[in-house]
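**Q** Residues per chain, in single letters:
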Amino acid sequence: MAVKGAIVVDTERCKGCSVCIVNCPTQTIALSKKVNGKGYNFAYMANPDNCTGCTNCATVCPDSVITVYRVKI
Amino acid sequence: MAEKILMKGNEAIAYGAIRYGCDGYFGYPITPQSEVMETLMAEKPWETTGMVVLQAESETSSINMLYGGACTGKKVMTSSSSPGISLMCEGMSYLAGAELPCLIVNVMRGGPGLGTIQPSQSDYFQCVKGGGHGDYKMIVLAPASAQDMYDFVDKAFELAFKYRTPAMILSDGVIGQMMEKVELRPIKPRRTAEEIDAQCEWACTGRKSGRKKHMITSLALEAPVQEAANIRLQEKYKEIEEKEALFATYRTEDAEYLLVAFGSMSRLSESVVDLARENGIKMGLLRPITLFPYPKQALESLIPQLKSIASVELNSGQMVEDIRLIVNGRVPVYHFGRMGGMIPSPEEIYEAFVKTINR
Amino acid sequence: MDINDIIKPENKVYSKSPLLTDNIMHYCPGCTHGVVHKILAEVIGEMGIQDKTIGISPVGCAVLAYNYIDIDWEQAAHGRAPALATAAKRLNPDKYVFTYQGDGDLASIGTAEIIHACNRGENIVVIFINNAIYGMTGGQMAPTTLLGQVTATTPYGRKAELNGFPLKITELVAQLEGTCFVTRQSAQNPAAVRKAKKAVRKAFENSMMNKGTSFVEFVGTCNSGWKMTPVKANQWMEENMFPFYPLGDIKDR
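Protein chains in written order, with my numbering: chain A, 129 to 201; chain B, 134 to 492; chain C, 13 to 265.
Isolated chain A (complex conformation) (with noise of 0.2 Å):
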């Protein structure tokens, strides 16, 4: 049985930190190009295909910006 994930970032939140993106073990999570209302680049799931939900990514985020879902497939 696998797994499969999927994070909302509230972008509008989020600093572009990008402690999320070093404690992805899957490499899901990049950056945006594009910048929020406080001109953070915000993090964003490049790689959705990659997400296994492990909620690694919102455990760590020191704004609580992320959600995470789950579903086993």
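There is no bait here: all hints are sound.
Below, a list of computed lysine-lysine pairs in the DSS-like style, where the Cα atoms sit at most 30 Å apart:
#, chain 1, residue 1, chain 2, residue 2
1, B, 346, C, 24
2, C, 24, B, 345
3, A, 132, C, 210
4, C, 214, B, 346
5, C, 239, A, 162
6, C, 24, A, 161
7, A, 132, A, 200
8, B, 346, C, 223
9, C, 223, B, 177
10, B, 295, C, 64
11, C, 28, B, 345
12, C, 20, A, 166
Note that these hints are calculated values from the structure, not bench results. Quantities reported herein were computed from a predicted structural model and do not represent experimental measurements.
Following the hints, put chains B and C in place on chain A, whose structure we already have.
**A** Relative to chain A, chains B and C alone:
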């Protein structure tokens, strides 16, 4: 007939605390007020009323324990003497800024510095004008007897909670160490949790569902917010000045000369008034009981009948400045006092007075 | 599988704690304070003690902690949080009382207060954030600044002969009879966060068991003060802070 017990002024503070429903005392030993905590520890009120008594590691810590307890709506108090009060000034400013009720007792001794353990009134400026940084005042009550020490515990807490502001009993080594009969008034029990919630809707008692979280702070990073807080404080002080000034008079009806004195010096000044009257001089006494709010109106109403005023203080002349502000040059205002723990005799004050009318 | 089939309420496995308010934290990107706030919010939420908890915020970057966790807060003068907590807990023994203090607050100006609160065995929780620098005032030397570390007031690096030695206050506190649980944690990766959360929960549980003071240090980063990216700061912390401030339980009884 109410029960009367012989006790020191300092002990009266302790018994007042226990019997008037104080929730917590936090203090640090310093002469001449150590009997306050010693009495509390001997009485063990935690076994009877549930009152907490704790010897802290410093006056700095004591005053911040008051802050921590006052935030939860409890009746908390400390006592100290002049050098310890200096250490507490930081905390007093925070308590005033955060608008927290509490009671601080200052049994004054002579300074500056480590000074002397003998009585003094040289903290008038420090305590009546605020003490710590920022624009604030505390309600200041000046007891003149052991009975006052006992009664003012209740009065100070009443005013502190009414206005959400720190209150001080500004006493001195004379009143603290003197033994007198004290009538024990009826007991006021400690408030229940429900009564505290009802009286202190601002208190930190745990965020219940259905209400917002309570945040108690004196921080306002934005200037307009800080100014609004300052304006609110000043309006509160104005209301206190209008409503809460307390004073007593002695033989002022036909007085042409007025002594003004607070605390221990008001008692001594009564003897000076009697001495002057024996010599055919119409003298009277005004005793401010609250130093903030100052009984301005009481003094104002006496000025038209007066030839001169003298402030009698155990310092170099501090309250006399407030008197001069009120009098504003209409009659001469003198200061008679001793410093460094020395206490004048009534004769000494009277002789100093006589020199002013013969000059 | 379409992403919209995954992003459904029934598939949600992690989201912001309801005890964290919607206020955007003023902390710099990547700041450890944010992670520790989250840990606290989750622990208080999971224990169901929101209505019984009193937090005490310090002076320093975390002075505004009261804006972020939805509980009652007292904001203390610099260094005095343990004195506030002492009274709050003794007067309200049914409440969970914790202080949240930085290294300058706890280990410099508030040294007397923390030592004596711990020595009395106050039944409180102390959360101590050690990032070896004064963040709020612009990156000056802290009592915990490492030898050689450059700060605004040690521009040539901290020297023992000029500035004294970095203070291991946590080891000091562990020697006091009044403490029951003293631990040093971090929050730079998921494993560390999960471990730290268990430690914080234990500390809160201890505070109702009349065992004494529970003290949880977080070795953290101040990437702005250290003048590094958040990711680089975490690496620097692992390489330089952990050897001097080793992680793990120092005392547990």
